[in-house]
Amino acid sequence: MLEIKNLHARIAEDGTEIIRGLNLTVKAGEVAAIMGPNGSGKSTLSYILSGREDYEVTEGEILLNGENILELDPAERAAKGVFLAFQYPVEIPGVATMQFLKVAMNEQRKARGEAELTTPDFLRRVKEVAADLKINMDMLKRPLNVGFSGGEKKRAEILQMALLEPQLCILDETDSGLDIDALKIVADGVNALKSPDRATIVITHYQRLLDYIVPDTVHVLYKGQIIRTGDKDLALELEANGYADVIGQAA
Amino acid sequence: MNMQTTTRLTTAEAALVEAFGAQVGDLPGNGAVIGTRDRLLDDLKKSGLPTRRIESWHYTDLKNLFREVPEANGSAGVSAVAPLIAGSSVLTVLQGEADAKVHAEGFSVSAYKDALSDGSAVKGLTALDKDDAIGRINGSFVRDGFSLSVPAGADLADPIEIQALHAGGQIHTRFPAVFGAGAKATIIERHRAETDAAALVSSISDIALEDGAEVTWILLQQQGAADTHLGQIRVSLGKDAKLRLYVINAGGKLVRQELRIEVEGEGADLTLRGVNLLGGDTHTDVTLVLGHNVPHTTSTETIRNVLFDRASGVFQGMIKVAPDAQKTDAKMACNTLLMSDDADFSVKPELEIFADDVICGHGATVSDIDRNHLFYLMARGVPENKARAMLVNAFVAEIAEELEDEKLVAPLEELISDWLDKHA
Numbered sequence: 001m002l003e004i005k006n007l008h009a010r011i012a013e014d015g016t017e018i019i020r021g022l023n024l025t026v027k028a029g030e031v032a033a034i035m036g037p038n039g040s041g042k043s044t045l046s047y048i049l050s051g052r053e054d055y056e057v058t059e060g061e062i063l064l065n066g067e068n069i070l071e072l073d074p075a076e077r078a079a080k081g082v083f084l085a086f087q088y089p090v091e092i093p094g095v096a097t098m099q100f101l102k103v104a105m106n107e108q109r110k111a112r113g114e115a116e117l118t119t120p121d122f123l124r125r126v127k128e129v130a131a132d133l134k135i136n137m138d139m140l141k142r143p144l145n146v147g148f149s150g151g152e153k154k155r156a157e158i159l160q161m162a163l164l165e166p167q168l169c170i171l172d173e174t175d176s177g178l179d180i181d182a183l184k185i186v187a188d189g190v191n192a193l194k195s196p197d198r199a200t201i202v203i204t205h206y207q208r209l210l211d212y213i214v215p216d217t218v219h220v221l222y223k224g225q226i227i228r229t230g231d232k233d234l235a236l237e238l239e240a241n242g243y244a245d246v247i248g249q250a251a
Numbered sequence: 001m002n003m004q005t006t007t008r009l010t011t012a013e014a015a016l017v018e019a020f021g022a023q024v025g026d027l028p029g030n031g032a033v034i035g036t037r038d039r040l041l042d043d044l045k046k047s048g049l050p051t052r053r054i055e056s057w058h059y060t061d062l063k064n065l066f067r068e069v070p071e072a073n074g075s076a077g078v079s080a081v082a083p084l085i086a087g088s089s090v091l092t093v094l095q096g097e098a099d100a101k102v103h104a105e106g107f108s109v110s111a112y113k114d115a116l117s118d119g120s121a122v123k124g125l126t127a128l129d130k131d132d133a134i135g136r137i138n139g140s141f142v143r144d145g146f147s148l149s150v151p152a153g154a155d156l157a158d159p160i161e162i163q164a165l166h167a168g169g170q171i172h173t174r175f176p177a178v179f180g181a182g183a184k185a186t187i188i189e190r191h192r193a194e195t196d197a198a199a200l201v202s203s204i205s206d207i208a209l210e211d212g213a214e215v216t217w218i219l220l221q222q223q224g225a226a227d228t229h230l231g232q233i234r235v236s237l238g239k240d241a242k243l244r245l246y247v248i249n250a251g252g253k254l255v256r257q258e259l260r261i262e263v264e265g266e267g268a269d270l271t272l273r274g275v276n277l278l279g280g281d282t283h284t285d286v287t288l289v290l291g292h293n294v295p296h297t298t299s300t301e302t303i304r305n306v307l308f309d310r311a312s313g314v315f316q317g318m319i320k321v322a323p324d325a326q327k328t329d330a331k332m333a334c335n336t337l338l339m340s341d342d343a344d345f346s347v348k349p350e351l352e353i354f355a356d357d358v359i360c361g362h363g364a365t366v367s368d369i370d371r372n373h374l375f376y377l378m379a380r381g382v383p384e385n386k387a388r389a390m391l392v393n394a395f396v397a398e399i400a401e402e403l404e405d406e407k408l409v410a411p412l413e414e415l416i417s418d419w420l421d422k423h424a
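Protein chains in written order, with the numbering used here: chain A, 1 to 251; chain B, 1 to 424.
By construction, these hints were calculated from the structure, which means they are not laboratory data. This structure is a prediction, so every number in the text was calculated from the model and none was measured. Some hints here could point you the wrong way.
Unchecked claim - Pair ranges (Cβ atoms, derived):
(1) A:Lys141 / B:Ala333: 21 to 29 Å
(2) B:Asp370 / A:Lys141: 17 to 25 Å
(3) B:His103 / A:Leu193: 57 to 65 Å
(4) B:Asp370 / A:Asn23: 28 to 36 Å
Unchecked claim - Cβ-to-Cβ under 8 Å is the rule here; a few derived chain B residues that face chain A:
(5) Ser110
(6) Met378
(7) Val382
(8) Lys386
Beta carbons are placed, not taken as given, at the ideal position from N, Cα and C, and that holds for glycine.
Turn these sequences into a full structure, and let the hints guide you.
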């Protein structure tokens, strides 16, 4: 599904190199956790995958189903099935949430040459998914993310993910700012989307989220490279011993 | 009359003087009104149109920008259009002449021409100060309009829409409106060009809210690409009166919209919201002079501007707090989205505070679209041009949403998105 080969990337504005020769493969149906200390490049990786302009790829490739997506802008990547659940979803006053959801779903459909959703079909879909995520329809009448609590914002991200049915889901620190009940709801939402045709990357620096979203593989990111890969036990080891040991072994 | 003038008149000034000479015989008004018109025109002739050397006109050099006065008569055949909000009481002014067939329910209305003829209009015809070019032009030339009166205690369920439509020419209108104590009403004042023919429009609305009146007044300026629009809104607010004043500019080539507001009664509140949608080679100036004249009054002023092409815009916002106007609370903000490198916007906030226990603030921002917002929308699959359009729309639609009443919000949002679809 996703192959990242020898990726090097830097901040466009000041040239600081953040990703330094990163290799990673995530198969369809796989849940891959990416862990690492602060500043290791985890969020940067999520932005680069989704096409944020602030970063410049200087070397390497990102292949989605064999196709290099580096030349595509964020909207084109989204239409190909890339979805980033933001660590800090932005509030956009003046953009109605429902209108935004409808435009996003239909623009992706258009880009893929599919028919647009009718309004009743769209409403039905939103209501179904919102109910699963315990999202009140009144919340969706507000402008996008405006006045949403931390938990509501994260649930709204998962709602979008469920509606857009991406192939590659990237969850950037989805657990940050969530209490345990909200975390369970979000994790259930993510688990419900698990499918043999979908790959998921879970970025986190705590083991806690991985109790609820159990990964198939765990990768440790440090200074812009994957320095260790293992199964879910690696996350437990990191939780027990911290990153120092793994970093020490890699050095 | 053969008078020696010391200053040479510009083409436009000379054309105004000539137009007055040609029209004065048939302008409505009793002796006192005609005398006032003569004086106003004479003042205009002596001082000329204002230049950038006059402080309040510094960013809109009218003498330089206003070059040509169109022929007095535009083409005929303009007719009333559907009101913005279904069910409104519609008062139509076509080519500057009030349509006498008016159905008024719960309020009274008469043609302003009548007030000119019987002389009752004379007091309001004066200019506000020596730099009041709009007062002078309008006072000299005004032909008609409507005088509105909403009785004390009335609560009008449906809006009143004043429709001032034209097909070019010289159009000078006036709309005095008095809202009695406790009256509640919504007024839509709509100025619109129905053809591309050039027009010179001047229009003054005198809005008086008596104690406890609650009024929403929405001005929509949609003049044509060759039109000059010189507008003035004069407001006085009584005790506990509440005015929501929306000024939306979405047209015209040269526009000056002055807001002269006096808060005269304790407990009064003003909500001023402005939206300027500017494109092409146009110049639009919104100039506010707001006096908080008594203690315990409040106001908020928010102006949102979006500029495309080579448009230029101005907002001057002067808030004056009188010496004994303690506990005044006034907040002014002007936010501009520049969508073109060739567009410019000038903001001049001024606070003149003579009381010591007040809260007054102002802020101004000029920006491009927020990159974080753009990335978020695109990351959900919304193509860049569409995402930008959504964000520009959101920036101004927010102002419309503050009206909360869906009946008002929806048509304003539609007007905004239609304009953006055509210009973005």
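The hints, checked one at a time:
Checking the proposed 21 to 29 Å range against A:Lys141 and B:Ala333 shows it holds: the Cβ atoms sit about 26 Å from each other. Checked against the hint of 17 to 25 Å, the C-beta distance between B:Asp370 and A:Lys141 comes to roughly 23 Å, which is consistent with it. For the pair B:His103 and A:Leu193, the supplied restraint of 57 to 65 Å holds, since their beta-carbon distance comes to about 59 Å. For B:Asp370 and A:Asn23, the Cβ-Cβ distance of about 34 Å falls inside the hinted range of 28 to 36 Å, so the restraint holds.
Given the 8 Å rule on beta carbons, the hint for B:Ser110 is violated: about 41 Å separates it from the nearest Cβ of chain A. Restraint check, B:Met378 versus chain A: the minimum CB separation of about 4 Å is within 8 Å; hint holds. Look at B:Val382: its Cβ gets to within about 5 Å of chain A, closer than 8 Å, so that hint holds up. Hint status for B:Lys386 relative to chain A: holds, with the closest Cβ pair at about 7 Å, below 8 Å.
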